[in-house]
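Asks: Construct all of the structure, not just a fragment, from the sequences and the given hints.
There are 2 protein chains.
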Amino acid sequence: MPKIIPVVMCTGHGAGLWPIARETMPKQFIPLFGRDSSFQRTLRLLSDPDVFDLPIVVTNGDQRFTIADQLQAIGLRAEIVLEPAGRGADSAAATAAELGLARSETALVGIFPADHVVQDGKLFVETCARAAAVAAQGRIVAIGIPPCHPATAYGYIRPGTEIADGVRGVEDVAAKPDAALAARYLAEGYLWNSGNVVFDAATMRTRLQAAARGAIGNGNANGASLGIRMLETDASAELPAIAAEPPALEQADTAAVIAGHFGWSDVGNWTAVWQLSEKGAHGNVVQGRGYVLDGTNNLVRSEDAVVAIVGLDDVAVIATRDAILVTSKAKADKVKDIVALVAANHEPEAASHREIHRPWGKYLSVDLDERHQVKRITVKPNGVLSLQKHHHRAEHWVVVRGTAQVTRDDETILVHENEAIYLPIGCVHRMANPGKIPLEIIEVQVGSYLGEDDIIRIEDIYQRC
Amino acid sequence: MPKIIPVVMCTGHGAGLWPIARETMPKQFIPLFGRDSSFQRTLRLLSDPDVFDLPIVVTNGDQRFTIADQLQAIGLRAEIVLEPAGRGADSAAATAAELGLARSETALVGIFPADHVVQDGKLFVETCARAAAVAAQGRIVAIGIPPCHPATAYGYIRPGTEIADGVRGVEDVAAKPDAALAARYLAEGYLWNSGNVVFDAATMRTRLQAAARGAIGNGNANGASLGIRMLETDASAELPAIAAEPPALEQADTAAVIAGHFGWSDVGNWTAVWQLSEKGAHGNVVQGRGYVLDGTNNLVRSEDAVVAIVGLDDVAVIATRDAILVTSKAKADKVKDIVALVAANHEPEAASHREIHRPWGKYLSVDLDERHQVKRITVKPNGVLSLQKHHHRAEHWVVVRGTAQVTRDDETILVHENEAIYLPIGCVHRMANPGKIPLEIIEVQVGSYLGEDDIIRIEDIYQRC
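So the sequences go chain by chain: B and D. Residue numbers for the first sequence follow UniProt numbering, so the first one is 1 and each next one is one higher. Residue numbers for the second sequence follow UniProt numbering, so the first one is 1 and each next one is one higher.
Rather than coming from a laboratory, the hints here were simulated on the basis of the structure. Mixed in with the good hints, there may be bad ones.
If several chains are the same, the list does not tell them apart, and a pair holds so long as it fits within one copy or across any two.
Claimed, not checked - Keeping only pairs whose Cα atoms sit at most 27 angstroms apart, straight-line, the calculated BS3-like set for lysine-lysine is:
no., residue 1, residue 2
1, K334, K176
2, K336, K279
3, K334, K279
4, K279, K331
5, K279, K329
6, K122, K3
7, K176, K329
8, K362, K389
9, K362, K436
10, K122, K279
11, K389, K3
12, K436, K176
Replies: Rendered as structure tokens:
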């Protein structure tokens with residue numbers, strides 16, 4: 001039996017988990033439980049070589065370096081495909097089908113969202129293998145989840161007659177219901193539509209009645225410096241929006257569904273995080289410096305500040321350096337709405353983190369005023385910032401750890417720990433870490449305009465010019 | 001009639017208003033409503049020259065420079081007296097009596113806590129004047145507050161027969177009651193004991209049966225550089241704890257009470273702050289970048305971060321850079337207890353602010369790691385830091401605003417905006433602001449130990465060596 005080519009969807013950002021998850025650091029890359037992010041957990045699940053082929057990670061570009069970092073951290077490989085954002089589920093299926101067919105005409109493809117978590121990995125893999133056996137007969141097999149409550153956040157699938165061991169036909173595919181309808185679905189044996197689906201790629205192509213063929217470009221040099229092959233879809237091809245009518249999963253002669261009993265969550269909000277976390281005293285979950293007095297079943301997660309909670313039950317307090325959420329667990333689904341409200345008030349924290357990840361490392365703005373900004377910059381070993389200049393600011397760099405190789409106009413200077421260098425306004429400069437340990441510098445910017453858009457990139461090893 | 005010598009008590013720190021109020025910046029110095037702190041509001045109340053003499057501010061030392069700053073900001077004068085902390089109410093009365101008698105043998109003294117707020121200032125002054133008229137006949141006149149609810153946080157006073165217009169004798173003085181007793185007091189016409197009291201100093205001295213005379217030293221040079229006369233109690237005199245038996249206010253032949261109808265609060269917790277603040281939509285009070293969705297009657301106060309609240313009523317969320325409180329308003333009196341819990345866990349935020357005020361200005365730690373720390377330092381015009389050296393760290397100073405006069409071993413160097421200077425480990429150095437605008441510098445410390453106790457002060461114009 002052919003292996004499943006896993007296509008891991010990494011395109012959303014998870015507004016329900018703001019302020020930890022934001023556009024600049026989406027939910028799937030955050031370690032919510034233990035050390036690994038859900039992206040890393042997903043990739044580990046898909047690393048069984050008996051069942052899965054080399055995974056393909058689909059993302060919309062901004063996160064490609066984070067993906068490369070996180071793969072490297074767990075020692076796993078994948079192909080990374082850049083796709084313009086948000087063209088819908090059928091479009092993702094079409095892209096996945098074409099990516100699979102590019103490897104083999106008889107490819108089996110599995111679509112797996114990167115931001116779900118699974119309790120029993122072994123059972124998950126077994127379920128996928130059983131789905132694959134049916135998919136290989138020209139089927140599209142959804143993985144349905146036996147509902148434990150009448151959720152209104154998911155679509156539902158009604159299983160029909162059995163096709164093979166545990167795999168059934170599809171009698172009905174339903175959109176997200178209201179509470180009453182959800183209760184009826186629950187009573188009638190519907191399953192949640194988890195968005196995980198295994199299919200025969202050729203069947204999917206036929207069923208979508210629109211080929212994405214040709215939209216997948218060849219590997220380019222984009223990821224070369226990271227040691228990872230990247231494919232890039234051709235954004236200029238102006239693909240038609242793909243929407244099969246009826247959708248692929250509703251075409252009864254090829255649709256199928258298998259119930260996944262492996263313990264699944266899409267971790268859509270902070271209440272789900274609390275549910276999935278190990279509880280401390282009085283049902284409180286405390287991550288970071290949190291204290292609860294006279295309160296039960298709370299979730300406290302703090303990045304930095306000490307958080308004290310008094311006399312409250314069933315709330316989630318999520319504190320980052322620049323944004324704090326306090327929500328009743330019962331209303332956690334409304335967090336998306338308050339993020340929209342915060343965004344409408346032009347607060348940058350709605351979408352951006354203070355710590356920004358770059359292919360060469362990361363930086364954190366630690367102090368900002370009208371005429372100065374202070375950043376802590378961390379450069380990975382062998383990391384190289386772009387060759388750049390600024391029109392409106394001078395910079396003072398103090399190396400606090402490691403060694404920096406600094407290019408300043410025609411000079412190249414090694415700057416060691418506890419040494420500083422001055423970069424006058426207008427000079428062409430670059431910083432690199434030639435050493436074996438991370439380089440940390442404190443950058444003090446002084447000038448009349450300090451925006452990130454006053455960076456004129458002259459040369460960049462990561463092709464960001 | 002002699003004027004009242006106001007003795008303003010500035011010795012507590014207001015744990016009920018943590019994390020804004022902490023030992024390093026007590027409640028009375030924080031602007032809770034509008035621009036002024038309650039200390040400044042109190043001094044304004046006491047500035048009517050027909051009723052009050054030059055105020056005396058009693059503090060325990062750490063806050064003397066903050067007091068001087070806040071007086072200067074509102075253009076008012078006072079004497080500042082440093083007293084060892086926490087010797088009890090009768091001790092404060094004894095000190096106040098002696099301070100008054102040092103000015104005049106027939107002195108009238110008023111004790112006014114610095115952390116209370118009054119709604120109707122004119123009526124407050126009138127009430128004090130009426131109390132003074134009776135005090136001048138050798139009485140101790142407490143200002144009682146007609147209770148609006150059966151509070152358990154205050155002592156109670158039962159007024160007796162009328163002595164003069166609105167001033168009555170004292171029938172009973174009661175400690176903080178439980179809820180049932182408080183309800184009985186309310187029904188029986190007791191008043192809250194506000195801690196504000198006006199008395200004849202000679203009577204108080206006699207009644208306390210223990211002289212604090214001699215414990216009050218003469219003015220020393222401590223405040224000279226601030227243009228303010230400071231007295232200092234002689235901490236080495238080992239005063240006996242003063243506790244009159246029965247307490248002064250219970251000695252019926254001299255005790256009296258007047259009801260204050262001027263609208264009073266001791267702002268003991270965040271619920272009181274919410275009550276006294278102007279409400280926005282849905283009863284929410286938002287100070288700083290706060291957003292509330294689906295919630296009513298909340299208090300949000302944020303120093304820096306954006307705060308989002310979802311689906312909660314009657315909570316207070318108080319966010320500072322390094323500590324966050326989330327409390328139900330009903331349990332706001334327990335905040336003291338969680339501060340004790342946070343302190344017991346050795347969290348520095350229980351007592352210390354990240355922004356530290358000094359006589360020369362202030363500093364804020366913006367980034368701290370094992371081997372480096374970054375501070376933003378602000379020096380007032382004419383401010384001068386101590387001449388100092390460090391055993392364990394070098395410092396890089398970048399001037400981002402104003403001009404610094406830097407002494408480094410035998411050199412004196414002017415460092416201008418966008419210039420930097422390096423202070424190697426062990427060098428003797430000093431920074432001063434010779435200019436007309438505040439000086440701001442970014443200090444990058446690099447070293448193996450970064451504690452505040454690695455400052456060897458060689459010389460200090462504020463006598464802190």
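Asks: Look at each hint and say if it fits the structure.
Replies: Structure-based check of each hint:
1. K334 <-> K176: Close inside one copy (16 angstroms), not across copies (44 angstroms); limit 27 angstroms.
2. K336 <-> K279: both (25 angstroms within a copy, 26 angstroms between copies)
3. K334 <-> K279: both (24 angstroms within a copy, 24 angstroms between copies)
4. K279 <-> K331: So K279 and K331 pass the 27 angstroms test inside a copy (20 angstroms) and across (24 angstroms) alike.
5. K279 <-> K329: Both: 15 angstroms inside a chain and 26 angstroms across chains, each within 27 angstroms.
6. K122 <-> K3: within (16 angstroms within a copy, 86 angstroms between copies)
7. K176 <-> K329: within (21 angstroms within a copy, 38 angstroms between copies)
8. K362 <-> K389: within (19 angstroms within a copy, 34 angstroms between copies)
9. K362 <-> K436: Within one copy only: 17 angstroms inside, 38 angstroms across.
10. K122 <-> K279: For K122 and K279, only the intra-copy Cα distance (25 angstroms) is at most 27 angstroms; the inter-copy one is 56 angstroms.
11. K389 <-> K3: neither (50 angstroms within a copy, 68 angstroms between copies)
12. K436 <-> K176: Classified as neither: same-chain Cα gap 52 angstroms, cross-chain 65 angstroms, threshold 27 angstroms.
Going through the hint list in order, the structure does not satisfy hints 11 and 12.
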